[in-house]
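Participant: Chains A and B, in that order, are what the protein sequence lines are. First residue of the first sequence? That's 0 in numbering that gives the first Met the number 0, and the numbers climb one at a time after it. First residue of the second sequence? That's 0 in numbering that gives the first Met the number 0, and the numbers climb one at a time after it.
Keep in mind the hints are simulated off the structure, nothing from the lab. Be careful, since some hints might not be right.
Reference excerpt, derived from the structure (chain A facing chain B, CB under 8 Å, subset only) [claimed, not checked]: (1) T17; (2) V61; (3) G67; (4) P72; (5) A76; (6) F103; (7) H147.
The model shown is predicted, which means the values in this text are computed figures rather than measured ones. All C-beta atoms in this analysis are idealised placements derived from N, C-alpha and C, irrespective of residue type, glycine included.
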Amino acid sequence: MWQALHEELEPLGLSVVTVALDLDPDKARPWIERAAPTHPSLVDSDHRIDELLGISNVPMAVWIDETGTLVRPAEGASIQPSPFAAMEITDEMPDRLQAVLREFKQMPETGPAYRAAIVDWANRGADSPYAMSPDEVVAASQPRSADHSRAAACFELGVAAERRGDHPAAMAWWKQAHALFPENWTYKRQAWTLESTPDGADSDRAQEVQDSYGTSWSDEFLATGGANYTVLPKL
Amino acid sequence: MVDRTLDHQPQTIGRPTSPETLLAWNSGTMLLDSLDLTADAFADATGWIAKPEGMCKGDVCVPVPTAFDADGMLDVTAVAERLGMALVADDEAGVWALGPDSGGRALTTATVPPIELPDIDGNPFNLAAMHGRKVLLVAWASW
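Whole structure, please, built from the sequences with the hints as guidance.
Facilitator: Here's what the structure looks like:
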């Protein structure tokens with residue numbers, strides 16, 4: 000998907016750069032090998048760009064101009080209609096799946112408009128109505144509270160604990176991070192995936208982690224609501 | 000107060016200048032095994048540069064009268080409090096984590112901070128190499 004966009008817009012002077020937020024880079028490897036990207040494809044195993052750029056879920060993106068200046072802040076970066084929103088809900092489906100799909104249908108469909116905005120910016124640069132001024136970018140970035148700062152510190156202490164092999168300590172730090180900044184799904188999903196994804200398996204997006212975190216992705220997605228799941232681009 | 004002005008702009012967050020103190024760095028989020036931190040290391044890790052008028056990032060300067068102790072070392076606790084950076088101790092591991100500045104927005108400036116990250120084979124890539132092109136930087140994950 001990102002490779003196709005890169006190929007389309009590269010002649011216009013735009014490059015896609017993808018960054019995988021994976022504590023274990025090997026989890027990202029099969030996805031990267033399948034996509035065979037010709038654009039820079041990076042791995043951020045410390046979640047540095049969470050705080051650097053205000054990333055709080057995936058996929059999210061920022062726009063950077065030719066001078067290294069942000070012209071759009073971190074925002075949800077769907078570029079195609081959600082396949083989940085299009086899925087027909089049937090009585091045969093488990094109740095939980097029906098509920099999740101109903102919430103996906105509540106999510107405003109921004110993919111095609113966001114993609115069109117990227118293409119417009121690639122063509123027109125600073126003349127594109129979607130490219131913001133520096134002041135607008137800062138003002139449009141998400142608020143950052145003292146709790147968010149504390150959450151980032153706790154998440155980092157969790158990463159350090161995990162790296163020295165103390166998983167229980169890592170979980171304790173990550174639970175604090177989740178409580179302090181519940182809107183940051185990268186902190187939650189990164190931690191949950193270590194419990195829910197068997198070694199070597201690709202991904203378990205249901206992330207049922209009742210035993211370890213007393214929750215699950217679907218519990219929290221339903222509580223949050225599809226409409227609030229990501230930072231919607233204001234186009 | 001010890002006035003000091005750092006002439007250099009930090010070039011990258013890829014390597015701190017005091018590796019013995021800075022165990023890891025994460026824009027705002029730094030992992031420290033000591034609170035003895037030089038202003039240079041702090042600037043490299045956070046983008047906040049010590050200047051006579053205070054701690055500065057982009058166009059923003061925050062006065063911190065007690066930024067330096069008697070030995071000229073950065074008073075991390077005082078600076079952290081003034082910039083809204085959470086300083087959290089892991090007593091068991093003997094490390095501290097310092098969160099990003101807060102109280103405002105996620106971005107302090109529209110200038111992209113120095114970002115150097117590896118590709119899947121571990122080769123470092125500096126985002127500055129993309130200067131002169133537009134970049135759509137997309138965060139994704141396997142999970």
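Participant: Would you check whether P72 of chain A satisfies its interface hint, that is, whether its CB is within less than 8 Å of any CB in chain B?
Facilitator: Holds, about 6 Å.
Participant: Under 8 Å, Cβ to Cβ, is where F103 of chain A needs to be relative to chain B, so tell me if that hint holds or is violated.
Facilitator: violated (18 Å)
Participant: Tell me if the interface restraint on G67 of chain A is satisfied: Cβ within less than 8 Å of some Cβ in chain B.
Facilitator: With a minimum Cβ separation of about 5 Å from chain B (threshold 8 Å), the hint on G67 of chain A holds.
Participant: Take the shortest C-beta to C-beta distance between V61 of chain A and chain B; is it under 8 Å?
Facilitator: V61 of chain A check passes; min Cβ-Cβ to chain B is 5 Å, inside 8 Å.
Participant: Classify the hint on T17 of chain A as holds or violated, based on whether any CB of chain B lies nearer than 8 Å to its CB.
Facilitator: This hint holds: T17 of chain A lies near chain B, its Cβ roughly 5 Å from the closest one there, short of 8 Å.
Participant: Hey, does the H147 of chain A contact hint survive, CB to chain B under 8 Å?
Facilitator: Because about 6 Å separates H147 of chain A from the closest Cβ in chain B, which is inside the 8 Å limit, the hint holds.
Participant: Does the CB of A76 of chain A sit less than 8 Å away from some CB of chain B?
Facilitator: holds (6 Å)
Hint 6 from the list above is the single one not met by this structure.
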